[in-house]
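Respectively, the protein sequence lines represent chains S and C. If you count the first sequence from 1, position 402 lands on 415 in our numbering, and the numbers rise without skipping. If you count the second sequence from 1, position 52 lands on 64 in our numbering, and the numbers rise without skipping.
Hint data in this document are derived by calculation from the structure and do not stem from the laboratory.
Pairs of lysine to any residue, SDA-like flavour, derived with a Cα cap of 25 Å:
| id | chain 1 | residue 1 | chain 2 | residue 2 |
| --- | --- | --- | --- | --- |
| 1 | C | K294 | S | D41 |
| 2 | C | K333 | C | I323 |
| 3 | C | K328 | S | E60 |
| 4 | S | K37 | S | D47 |
| 5 | C | K141 | S | G255 |
| 6 | C | K321 | S | I16 |
| 7 | C | K333 | S | E17 |
| 8 | C | K141 | S | S258 |
| 9 | S | K401 | S | E142 |
| 10 | C | K321 | S | G67 |
| 11 | C | K285 | S | I48 |
| 12 | C | K289 | S | E39 |
| 13 | C | K294 | S | G46 |
| 14 | S | K199 | C | K263 |
| 15 | S | K343 | C | Y354 |
| 16 | C | K289 | S | D65 |
| 17 | C | K141 | C | G109 |
| 18 | C | K289 | S | T54 |
| 19 | C | K312 | C | I323 |
| 20 | C | K141 | C | E169 |
| 21 | S | K171 | C | L167 |
| 22 | S | K31 | S | I72 |
| 23 | C | K321 | S | S42 |
| 24 | C | K321 | S | I48 |
Now the stretches of chain C that chain S is said to cover, found in silico as 3 or more residues with beta-carbon under 8 Å:
| id | segment |
| --- | --- |
| 25 | 55-66 |
| 26 | 156-162 |
| 27 | 185-196 |
In this text, all values refer to a predicted model and were calculated from it rather than measured experimentally. From the three backbone atoms N, C-alpha and C, an ideal C-beta is built for every residue, glycine too.
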Amino acid sequence: MPIEILMPALSPTMTEGKLARWMKNEGDSVSSGDILAEIETDKATMEVEAVDDGVLGKILVAGDTDNVAVNTPIALLLEEDESDADLSNYSAATPAPAAQADAQPATVSSETANVAAPEAPKAEAVAPESEWDGPVINTTVREALRDAMAEEMRRNEKVFLMGEEVAQYQGAYKISQGLLDEFGAKRVIDTPITEHGFAGLGVGAAFYGLNPIVEFMTFNFAMQAIDHIINSAAKTRYMSGGQVSSPIVFRGPNGAASRVGAQHSQCYASWYAHCPGLKVVSPYSAADAKGLLKSAIRDPNPVIFLENELLYGQSFDVPDTDDWTVPIGKAKIVRPGTDVTIVTFSIMVGKALEAAEELAKEGISAEVIDLRTIRPLDTETILNSVRKTNRLVTVEEGWAFSGVGSEISAMVMEQAFDYLDAPVQRVAGVDVPLPYAANLEQLALPQSSHIITSAKEVCYRS
Amino acid sequence: MATKKTPTKRAPKKRTASSALPSDVNNEMILDFYREMLLIRRFEEKAGQLYGMGLIGGFCHLYIGQEAVVVGIQSVLEDRDTILTSYRDHGHMLACGMDPDGVMAELTGRIGGYSKGKGGSMHMFSEEKGFYGGHGIVGAQVPIGTGIAFAHKYLEENAVNVAYLGDGALNQGQVYESFNMASLWDLPVVYVIENNRYGMGTSTERSSANSTELYHRGSAYGIPGMQVDGMDVVAVREAAKIAVEHARSGKGPYIMEMMTYRYRGHSMSDPAKYRSKEEVQKVREERDPIERLRAVMVKKNVIDEAGMKQIDKDVKAIVSKSAEFAQSSPEPDPSELYTDVYADA
Chain S
14 MPIEILMPAL SPTMTEGKLA RWMKNEGDSV SSGDILAEIE TDKATMEVEA
64 VDDGVLGKIL VAGDTDNVAV NTPIALLLEE DESDADLSNY SAATPAPAAQ
114 ADAQPATVSS ETANVAAPEA PKAEAVAPES EWDGPVINTT VREALRDAMA
164 EEMRRNEKVF LMGEEVAQYQ GAYKISQGLL DEFGAKRVID TPITEHGFAG
214 LGVGAAFYGL NPIVEFMTFN FAMQAIDHII NSAAKTRYMS GGQVSSPIVF
264 RGPNGAASRV GAQHSQCYAS WYAHCPGLKV VSPYSAADAK GLLKSAIRDP
314 NPVIFLENEL LYGQSFDVPD TDDWTVPIGK AKIVRPGTDV TIVTFSIMVG
364 KALEAAEELA KEGISAEVID LRTIRPLDTE TILNSVRKTN RLVTVEEGWA
414 FSGVGSEISA MVMEQAFDYL DAPVQRVAGV DVPLPYAANL EQLALPQSSH
464 IITSAKEVCY RS
Chain C
13 MATKKTPTKR APKKRTASSA LPSDVNNEMI LDFYREMLLI RRFEEKAGQL
63 YGMGLIGGFC HLYIGQEAVV VGIQSVLEDR DTILTSYRDH GHMLACGMDP
113 DGVMAELTGR IGGYSKGKGG SMHMFSEEKG FYGGHGIVGA QVPIGTGIAF
163 AHKYLEENAV NVAYLGDGAL NQGQVYESFN MASLWDLPVV YVIENNRYGM
213 GTSTERSSAN STELYHRGSA YGIPGMQVDG MDVVAVREAA KIAVEHARSG
263 KGPYIMEMMT YRYRGHSMSD PAKYRSKEEV QKVREERDPI ERLRAVMVKK
313 NVIDEAGMKQ IDKDVKAIVS KSAEFAQSSP EPDPSELYTD VYADA
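Can you build the whole structure from these sequences, using the hints too?
Shown next, in the form of C-alpha cells:
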C-alpha cells in the first residue's frame, strides 16, 4: 500500500488549514526531510516535510485548496518497491491512521470528557506526636532549630546545610551557630549571594538523593528562587511519574520583623501553600520548631519551613531528647475553649493567646488552634473545634486576599456551614506594603486587640 | 567545600576538527555513531509526523540537525555519569539508552511513557540511565545539573554531570550563578552549549553583546571553554574527552560551545521565518552530521551498501515499533490524576 501523506496539524489548536501549494510534482522522487508542500493557517505559512523516502505517486488535494481538515490524506507516496499500479489499489475511503489506531487518539477527548474525575483522595489522618512526660529543657527557638539540624546531620550523612553566612559567620541570625565546627565545610556551606543559583543547585542535589537544607537569609530573598522551589522542586515528582523526588528543606525567617520596610516584611505562607507538591510548615513554639524541622529534614518531599525572626529569641520547654519529632500536617489546640475558635500560626499564636486571656476575663472562652502546618492543612482539628464553638476567627500576618484565612473560611463554609452561628472573620495584615514608620507598621499588623474585637463580634458581644 | 582556589589563567580555545580519525575510533564505534544519530533523526521525524496527526499535543521541540552533539559526548561518558538538558530533549534520552517506546509513549501522553503520560515531551527522567530531565524553564537545568555535580562530589563518586543548554539559555542569570559556584567549588560539571544560532527566533547576533563566541562566557570565572564543530561527531567526541577528563580529575567545570544547527523550527508551531530557506538548505547539504559520517564510512570502507541499508531498515523498525507502542499504550487511568504528587513520608 502506498504511504498516505496527511494534512498535518502544526499547532495544538489547528483543526484545518489551506493547502497553499505543492513544492513537488507527481512522479518526483522524495527523500525524508524534503519540503513537499506549503500550508497556511491563520497564524503562519508552514512547510510540510517528507517523513519517508519514495516517489510522490499521486496528489489527492490540489494546491490552493482552503479548509483542508487536519489528517485528510493529501497525497500518496510510493515506496521503493511499489509502482503506479499500487495506486489503483488505494481506496480513498481509508480512514486516517489516527482514527484507525486501536487505541483512542490522544486528542479525542469525547470519552475522557465523559469520565467523571475521580474523587480526590482524602487527606490521610496524621497521628499526633506522642505526649511527652519526660524532662524538658528551656530552649530558645533559635537553639531548637540549630539542635534539630545538628541531630539530623549526625543521624544522616546526606543532610547538609547551605546558604548565605551559614558557616563562618555562624548564621545571619545565628541559627547555625557551631555547625561548621562540628560538621566541617563539606556539610555547612557558605554560598555566594545567589539565591536563584543555590536553590536550583540544592534541588539538583536532592534529585540525586542528598538531603539539602537550604537557608534563605529571609524568605523575601527566596522570591529570586521561587522558580526552582515551585517549577523544579514541587512539580518534578509528578512530572516524572513518581520517579524523581526532591527531599529538600527551604528554611528561613518569614514575615515582618521590626521596621525593616516592605521588601523585608512579607508572609509567604499562602504563596507556597497554594502549590501541590510542597509542604508548608510554620511553627510557633521551640518544641514545635525542633520537632517539625526534624520531620521536615526526614520528609522525602520539598518542605517550606517558615520561621519568624521575632520568635528566635523566645524560650519554651523542649523535650530533652534527640529524637523529638512533630508530625507534619497536624495542628495543635494550644488553649482549649468553648465559645469561639481562633485559628492561626507562627508569631500570631502568641497574639491569639494574649487575646484569649483577655477574652476570658470578659467571660468568652476562646479555643486557640496553632496550625503549625499550612499544607497539608489539618482540616479535622479545625472542623471539630468549629462544630463545638460554632464561631471562627482566622488570624494571619499576611494579607487577607487569597490568604490562609480565606482558604480556611472556604473550607469551613463547605464542610461545616450548618455549624456556623456567625460569619467567619479574618484578621490579617492591612492591604498595603508594610510601612517603615513605627506607628504605621503597628497599624498595619494584626494586634491582639483586633483578635479580641473579631472574637467578640462573632460571639455577638461588643 | 568552600575552599578558595588559586587563580589560574585558562585561556578559552577554539578547536577545529581534524580530518584524520583518532586511533581509538574504530569501525564499530563509527557504526554505533551512525546508528544512534540515525535513530534520533528518524525518531524525531516520526514524532513530527505524529504531531501532525494530532497524536502528540502541546509543545514539541525536535532535535533534527543536532544529533552529533549528544551522540559524540555520550560516547565518552561512564555509566555513573549523569546528564540533563532543556525541553529539546528527545535526542538526549535516546542517546543515553532510554527506550524509544517509553519516550514516544510519553509524547503521546500514554501510561507506557517514562512519566506515565504526566510529563510530556519536555519532562522525562530515567534515574537508571542517569538522565535527570527534560526541563521546561529555559536555563533552569543549569543550576540543577550543577547541583547533581555537587552531589557527585559530595558522595565521592568520581562522576561527572553534563548539563546541556542552548545559546538562548546562556543569557539567563542563573547560568552565571551556576558558573560561579561550580568554579568556586571545583564541581565536576561540563556545560555544553548547543549553539544552534537561534533562541527561538532571535539570533545569537541579536542577543549577544560584544561577541557571539559563546565559549568565552565562563572566562570571568576561570572556566576553560572551547568551541567545537558540533556537526562532526568525531570532533565532538575528541573535544568531550578533554572536557570530561578535566571535570573528572577534580579541576572543576568546563564549557563546550557546540556549533550546530536545527533544521526544524523552534517548536512544531514555529514557521521559522527569521532565517532563509537557503541558509537551512546550505547547512543540510554541507554540514549534515549524518551525511558527513556516511561519507567517512564510504571512504574508509567501514560498511558496504547492503550493510548500510540494513542499518537504515533496523532503525526504521525501531521507530515504527515505538510509534505503534505510543498509540496502543492506553491513556493513564483517571486514578493516576492524584498519584505521584507526594512521596510517602
